[in-house]
Amino acid sequence: MAFDITLTMTYFAFLLGFGVVIANLLKKARVPDTFFLLLLGLVLGPTVFMNPVVMQYVDVVLVDVTAMGAVPDFLRVLALILVVFTGTFNLSWKVFKRFSDVSVNLAFVGVVFSTAFLGLVAHLMFGFDPVYALLLGAVIGGTGTGVLYAFERALHRSRRALAIIKVESIFNSPLTVLLPIIFLDLVVMQPGALFEPMKYLAQFWQMIVAGVGTGIVIGFAVAKIMKGMLREYSSLILFSIALITYALAENVGGSGMLAVAICGLISGNLVLSDREKEDVKRFEDQLSEMLRISVFTLLGAQVMLPLDPSQLFLAFAFFLVVFFSRPLFLIPTLGKERKKFDRKDLILMSFVAPRGLAAAAMAPIIAMFLAGIGAPEIGNQIVNIIFLVILLSVLFSTVTALIMSSDRIQDMGRKERPPRPKEKPEPPKPGEPREEVLEEAERSME
1 MAFDITLTMT
11 YFAFLLGFGV
21 VIANLLKKAR
31 VPDTFFLLLL
41 GLVLGPTVFM
51 NPVVMQYVDV
61 VLVDVTAMGA
71 VPDFLRVLAL
81 ILVVFTGTFN
91 LSWKVFKRFS
101 DVSVNLAFVG
111 VVFSTAFLGL
121 VAHLMFGFDP
131 VYALLLGAVI
141 GGTGTGVLYA
151 FERALHRSRR
161 ALAIIKVESI
171 FNSPLTVLLP
181 IIFLDLVVMQ
191 PGALFEPMKY
201 LAQFWQMIVA
211 GVGTGIVIGF
221 AVAKIMKGML
231 REYSSLILFS
241 IALITYALAE
251 NVGGSGMLAV
261 AICGLISGNL
271 VLSDREKEDV
281 KRFEDQLSEM
291 LRISVFTLLG
301 AQVMLPLDPS
311 QLFLAFAFFL
321 VVFFSRPLFL
331 IPTLGKERKK
341 FDRKDLILMS
351 FVAPRGLAAA
361 AMAPIIAMFL
371 AGIGAPEIGN
381 QIVNIIFLVI
391 LLSVLFSTVT
401 ALIMSSDRIQ
411 DMGRKERPPR
421 PKEKPEPPKP
431 GEPREEVLEE
441 AERSME
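In this note's numbering, the protein residues as written are 1 to 446.
Hint data in this document are derived by calculation from the structure and do not stem from the laboratory. Backbone N, C-alpha and C define an ideal beta-carbon position, used for all residues, glycine too. Check the hints yourself; a few may be wrong.
[Stated by the list, open to error] FRET-style restraints, in silico, Cβ to Cβ:
1) Gln203 with Val48: 38 to 48 Å
2) Asp308 with Val209: 45 to 55 Å
3) Asp308 with Leu62: 19 to 29 Å
4) Lys336 with Lys199: 33 to 43 Å
5) Pro52 with Lys27: 32 to 42 Å
6) Ser310 with Phe14: 27 to 37 Å
7) Asp73 with Val321: 40 to 50 Å
8) Leu120 with Pro376: 23 to 33 Å
9) Val109 with Pro52: 25 to 35 Å
10) Gly335 with Gln206: 26 to 36 Å
11) Asp308 with Met198: 35 to 45 Å
12) Val104 with Pro52: 47 to 57 Å
13) Gly69 with Leu346: 25 to 35 Å
14) Ile403 with Gln206: 39 to 49 Å
[As the list claims (entries may be wrong)] Here are the computed lysine-lysine pairs in the DSS-like style, where the Cα-Cα straight-line distance is at most 25 Å:
15) Lys224 with Lys94
16) Lys340 with Lys97
17) Lys97 with Lys339
18) Lys340 with Lys28
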């Protein structure tokens, strides 16, 4: 279908308008809305109105994402940039420094483990070829940064666990982009062709180094740029800088999201005063809310889920494996650090790990690629599985977060620690933030 700007605006306004109404109602009821926004898109999309049973009685297309051209992909990337930048912009440097080691280990081990383990499960459950199965495991191997920030209020009491989850999601973004690209290259590789692992290792380190380098350079350059800006333009210039950072990093072969995260961390901690940060936060809250609603409703409207109970049950069983497999690598990876967390925090880190915008961004790319090489059925099946994993992981993570943030559970977490004998407090280690620093970071997250 040819691109029609009027039709595109109509579909976008339709999804955004209904999404805002639902988000407003759920916010008044203090209920997280991500799951319901995905359902809204699903109801308005082809899953319902292009179903053969429904089309016998109703012939109407409420939203056709395929007619919107590149607009959904643009909105998705724009939302991811803003969410990552805002998240690190409001993150205390001392908290980031304290938890970065643990988060890096979790990010690398988690993505590699999930790719291998979930790939094996997908091969056994769905009968995919090994490369397609590993491709699916790689896409859903990372946690979704954008969704995690929606849980900040529910998790604000567990600041250590929340900080680790957030920083982990930042570090695993390059892997969740690179690994699927590797497996897509393997799909089109000719029989007998030589696989060169060093080529992909070099590409990975290029993404890391170029991403971090771009973020650092632009982050420190922000200080000079902001000196000549009026206060009312601070928000706009920072938003522009986030977009420029992403574009530059991608153009030099780096990870754009990693560059945006580093730039946001430097800008938020070294450049602006507390008053200026509040102005930026108010502007970005409005813009990011619009983009978040748009992206999740568009994702729901983009998929065509089969209503076959056996296929849905199989996908649900696969999600349960995804959901309960995280503790298998998280607990051993934490090692001795595990003793610093109570049972409540370990449950949060194990089961509040929704898949979100990163997986959603890769899903349509995979579908287009596989359709181009003559495997559209496999592409559609993988996209449907990714959507259901995102949908259900958001639901289960939300329920877990709400349960664990209740006053009763919080009190149980305190009571399970035995009383300590009175002793002289140990001086903090060099570079380690004191408790009051963490409390200050907690207040900044709210």
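Structure-based check of each hint:
1. The supplied range of 38 to 48 Å is met by Gln203 and Val48, whose beta-carbon atoms lie about 41 Å from each other.
2. Evaluation of the 45 to 55 Å hint for Asp308 and Val209 yields a pass: the beta carbon distance comes to about 46 Å.
3. Between Asp308 and Leu62 the C-beta distance comes to about 23 Å, which sits within the given range of 19 to 29 Å.
4. Restraint check, Lys336 to Lys199: a C-beta distance of roughly 37 Å satisfies the suggested window 33 to 43 Å.
5. For the hinted restraint 32 to 42 Å between Pro52 and Lys27, the CB-CB distance of approximately 37 Å keeps it satisfied.
6. Between Ser310 and Phe14 the C-beta distance comes to about 33 Å, which sits within the given range of 27 to 37 Å.
7. Asp73 and Val321 have their C-beta atoms about 29 Å apart, which leaves the hinted 40 to 50 Å range violated.
8. At about 25 Å, the beta-carbon gap between Leu120 and Pro376 stays in the expected band of 23 to 33 Å.
9. Take Val109 and Pro52: their Cβ atoms lie about 45 Å apart, and the range 25 to 35 Å is violated.
10. Between Gly335 and Gln206 the Cβ separation comes to about 30 Å, which falls inside the hinted range of 26 to 36 Å.
11. Range check, Asp308 to Met198: about 44 Å between beta-carbon atoms, so the 35 to 45 Å window is met.
12. One distance hint, 47 to 57 Å for the beta-carbon pair Val104 and Pro52, holds here, with the actual separation near 49 Å.
13. The hint said 25 to 35 Å for the Cβ distance between Gly69 and Leu346, and at roughly 45 Å that hint is violated.
14. For Ile403 paired with Gln206, a C-beta distance near 42 Å keeps the hint of 39 to 49 Å intact.
15. A distance of roughly 23 Å separates the Cα atoms of Lys224 and Lys94; the hinted pair therefore holds under the 25 Å criterion.
16. Of the supplied pair hints, the one linking Lys340 and Lys97 holds, its CA atoms being roughly 17 Å apart against a limit of 25 Å.
17. As the CA atoms of Lys97 and Lys339 are separated by approximately 19 Å, the hinted pair is consistent with the 25 Å bound.
18. With a C-alpha separation of about 36 Å, the suggested pair Lys340 and Lys28 falls outside the 25 Å cut-off, and the hint is violated.
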